[in-house]
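Undergrad: Sequence:
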Amino acid sequence: MLATLRRIIQEVNQAHDLTQALNIVVSRVKESMGTDVCSVYLCDESDSHFRLMASDGLNPSAVGKVRLAYGEGLVGEVAERAEPVNLDNAPSHPRFHFIEETRETPYHAFLGVPIIHHRKVQGVLIVQQRAQRLFGEDETALLLTIAAQLSGALAHADHSGGGGVIHPRRRLNGGLVLSG
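Last residue of the sequence shown: 185 (our numbering), numbering continuous.
Don't take every hint at face value.
[To be verified] Cut-off 20 Å, straight-line C-alpha distance, at most; resulting in silico cross-link-like pairs (DMTMM-like, lysine to aspartate or glutamate):
1. 70 with 105
2. 125 with 16
3. 125 with 85
4. 35 with 93
5. 125 with 88
6. 35 with 16
7. 70 with 106
8. 125 with 77
9. 70 with 52
10. 125 with 52
11. 70 with 142
12. 125 with 49
13. 35 with 143
14. 70 with 50
15. 70 with 49
16. 35 with 142
Hints listed in this document are in silico derivations from the structure and should not be mistaken for laboratory results.
All chains, please: the whole structure from these sequences, using the hints.
TA: In structure tokens, the structure reads:
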């Protein structure tokens with residue numbers, strides 16, 4: 006798990022902007038966890054919504070367009086609780102919200118973790134799988150750790166005013182460097 010985490014963080018550290026960093030995260034997490042989908046929804050405070058900002062596995066044309074109001078769907082559930090939500094049959098959950106544009110209906114297993122910086126939820130990192138199963142403790146720990154690392158990049162990209170550009174100095178100060 007540490008080798009996987011180190012590899013993902015090193016690749017994210019090489020990203021030139023936030024979009025590239027998010028795309029690296031979803032691609033590498035999906036690959037390393039063997040899931041069918043990995044997605045990132047980020048808070049858009051200008052209109053109180055979560056916006057799908059990156060996905061590997063959902064309909065690519067939905068990225069940047071799909072929005073969920075705060076408190077809506079399983080994304081809202083993760084954000085409200087500010088803790089992981091692990092489900093073996095997400096479509097049967099009362100908070101499940103079908104979004105036609107994402108084409109997510111065949112996915113049963115769902116693990117969503119909050120992306121938190123200074124006790125404020127910035128977004129939600131999600132993995133989904135067709136199989137009906139719960140994700141294990143190691144998988145949850147890996148996703149939580151990646152979300153924690155991602156929170157620093159998001160906070161610093163936000164404050165840089167550079168349109169989501171991740172500057173090397175900010176990367177170092179933002180906690181994205183994994184030593185060891």
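Undergrad: Please go over all the hints and tell whether each is borne out by the structure.
TA: We went through each hint and held it up to the structure:
1. 70 with 105: Satisfied, since the Cα-Cα distance of roughly 12 Å is no more than 20 Å.
2. 125 with 16: violated (25 Å)
3. 125 with 85: Roughly 11 Å between the alpha carbons, so the hint for residue 125 and residue 85 holds.
4. 35 with 93: holds (17 Å)
5. 125 with 88: Distance of about 12 Å is within 20 Å: holds.
6. 35 with 16: holds (15 Å)
7. 70 with 106: holds (9 Å)
8. 125 with 77: It holds: about 18 Å lies between the C-alpha atoms, which stays within 20 Å.
9. 70 with 52: holds (13 Å)
10. 125 with 52: holds (17 Å)
11. 70 with 142: violated (32 Å)
12. 125 with 49: holds (13 Å)
13. 35 with 143: Since the Cα atoms of residue 35 and residue 143 sit roughly 15 Å apart, the hinted pair holds (cutoff 20 Å).
14. 70 with 50: holds (15 Å)
15. 70 with 49: Cα-Cα ~12 Å, so holds.
16. 35 with 142: holds (17 Å)
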